[in-house]
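Asks: Single-letter residue listing:
Protein chains: 2
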Amino acid sequence: MEVRTVLVEPKTEENIGAVARVLKNFGFHELYMVKPPCIGTKAMAVASHARDLLKSARIVDTVEEAVEKTTIVAGTTARRGISGRKHLRLHALTPYELKTKVKDRNGVLALLFGREDTGLQNEELKRCDLVVTIPAVEEYPVMNLSHAVAIIIYELRDVESSRRDTVKLASVEDKERLFTHIQAFLDEIGYKPHKKEETMLMLRRVFGRAELTAGEVRTMRGILRKAEWKLSDLKTILLQKSAKV
Amino acid sequence: MEVRTVLVEPKTEENIGAVARVLKNFGFHELYMVKPPCIGTKAMAVASHARDLLKSARIVDTVEEAVEKTTIVAGTTARRGISGRKHLRLHALTPYELKTKVKDRNGVLALLFGREDTGLQNEELKRCDLVVTIPAVEEYPVMNLSHAVAIIIYELRDVESSRRDTVKLASVEDKERLFTHIQAFLDEIGYKPHKKEETMLMLRRVFGRAELTAGEVRTMRGILRKAEWKLSDLKTILLQKSAKV
Numbered sequence: 001m002e003v004r005t006v007l008v009e010p011k012t013e014e015n016i017g018a019v020a021r022v023l024k025n026f027g028f029h030e031l032y033m034v035k036p037p038c039i040g041t042k043a044m045a046v047a048s049h050a051r052d053l054l055k056s057a058r059i060v061d062t063v064e065e066a067v068e069k070t071t072i073v074a075g076t077t078a079r080r081g082i083s084g085r086k087h088l089r090l091h092a093l094t095p096y097e098l099k100t101k102v103k104d105r106n107g108v109l110a111l112l113f114g115r116e117d118t119g120l121q122n123e124e125l126k127r128c129d130l131v132v133t134i135p136a137v138e139e140y141p142v143m144n145l146s147h148a149v150a151i152i153i154y155e156l157r158d159v160e161s162s163r164r165d166t167v168k169l170a171s172v173e174d175k176e177r178l179f180t181h182i183q184a185f186l187d188e189i190g191y192k193p194h195k196k197e198e199t200m201l202m203l204r205r206v207f208g209r210a211e212l213t214a215g216e217v218r219t220m221r222g223i224l225r226k227a228e229w230k231l232s233d234l235k236t237i238l239l240q241k242s243a244k245v
Numbered sequence: 001m002e003v004r005t006v007l008v009e010p011k012t013e014e015n016i017g018a019v020a021r022v023l024k025n026f027g028f029h030e031l032y033m034v035k036p037p038c039i040g041t042k043a044m045a046v047a048s049h050a051r052d053l054l055k056s057a058r059i060v061d062t063v064e065e066a067v068e069k070t071t072i073v074a075g076t077t078a079r080r081g082i083s084g085r086k087h088l089r090l091h092a093l094t095p096y097e098l099k100t101k102v103k104d105r106n107g108v109l110a111l112l113f114g115r116e117d118t119g120l121q122n123e124e125l126k127r128c129d130l131v132v133t134i135p136a137v138e139e140y141p142v143m144n145l146s147h148a149v150a151i152i153i154y155e156l157r158d159v160e161s162s163r164r165d166t167v168k169l170a171s172v173e174d175k176e177r178l179f180t181h182i183q184a185f186l187d188e189i190g191y192k193p194h195k196k197e198e199t200m201l202m203l204r205r206v207f208g209r210a211e212l213t214a215g216e217v218r219t220m221r222g223i224l225r226k227a228e229w230k231l232s233d234l235k236t237i238l239l240q241k242s243a244k245v
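As given, the protein sequences belong to chains A and B, one line each in that order.
Residue numbers are given in our numbering: position 170 of the first sequence equals residue 170, and the series is strictly consecutive.
Residue numbers are given in our numbering: position 210 of the second sequence equals residue 210, and the series is strictly consecutive.
There may be inaccurate statements among the hints.
Since the list can't tell identical chains apart, any single copy or any two copies may satisfy a pair.
Straight line, CA to CA, 30 Å or less: simulated BS3-like cross-link-like pairs of lysine-lysine [unchecked claim]:
no.	residue 1	residue 2
1	K192	K226
2	K55	K11
3	K99	K230
4	K126	K42
5	K42	K11
6	K192	K11
7	K195	K235
8	K226	K103
9	K196	K230
10	K42	K55
11	K69	K230
12	K241	K35
13	K11	K69
14	K195	K55
15	K195	K103
16	K235	K99
Think of the hints as simulated: they come from the structure by calculation, not from any bench.
Kindly produce the complete structure, drawing on both the sequences and the hints.
Replies: See below:
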């Protein structure tokens, strides 16, 4: 499994440089940044011998662009899921559990790290397949950005070189098409609007933990299509009947 | 096991502040610094909510003072033991192996981190019971100081709260007395001077891995004393004999 580190709107050059350095320390190369500040001499100085990695980092405008062509999207958060919005952060994995989950997989893991002050926004976390939390103390769980990257990257250090299995995991694009499909289907079946958001989030988490393969996504979308056709057939018949009456 | 983090001649305030923060993130409190720079507003800003920990850090002049009243001294290095001085860095533990070794022990573990540019000096490493290396890539193994602390502290996060066994490990002072005793004994038995240094280092490593208890140190020193008395008796007899002749 390849690892793509994505910094979402990082604020300080020092953190960006420090992240580049630790990625190189553990042999990772792919760094994406969503709307970073201007990267100047400070970042380069802190990056030390990882300037090359910093120079080749991809700068994009949205999280969606940053996770293009990845297979699993994991978001990081310092806050554990104790809110009423239970599906948002429930089942947060430790870095070790993340490693256990992704090793021996193929494809690309996108690791999302949020802003230094406010982290990832709820909308960004919702979009993730998995949520990861570093087991810090409750009294002060908010870590320095580059430290959080260092610890997770340290745990994942062997993931890129581990054995690859033959199962082809679904791409992010595949899965998004599935979720859009499900959402449309929920509308079609008259699912209660106020419950929809929560349910979609739960499905994202369930499928995220399940690590869907491309084939499984195809099969599920096939089921949805089949159901849609049936609905459509029935509607047509109904229309014909009412026209007859 | 309690953990005391010791920064040996750290150079930048940012690193010091970042170390204080990550210690607090994982619930550790004891920070010692050997000859740090002046700790000002920069360090305090980076420490964020760990300013209290930074303010209560102990500043000392020597490594010896920093490891007073500890039980095990572990030194960190980015360079693995491939030099001819084989005992110096041989058997370097990974952070995970260190955790496995010290959990369920009692006493205080001193974790020594060297200077940002040159690390710990050979003399400082020799003085350690254990040597720890973070498994980074060979191409660029030298990590940012606060990242190295973050990763090792992350691995050790449960060590302070883990079950304590009833064995009382030897203190640093106990062990130093043992090594001084052995060294004197080697001199007394006419051990070849050019071999002595290497042998002492090997013994330090062996006893470091063995995690001597206070009782074991007492017993070993008892053996040495017994041998010394025997030597002394024989010398006395010899002197008496030669006086008679």
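Asks: Enumerate the violated hints, using their earlier numbering and listing them in ascending order.
Replies: 3, 4, 6, 8, 11, 12, 14, 15 and 16
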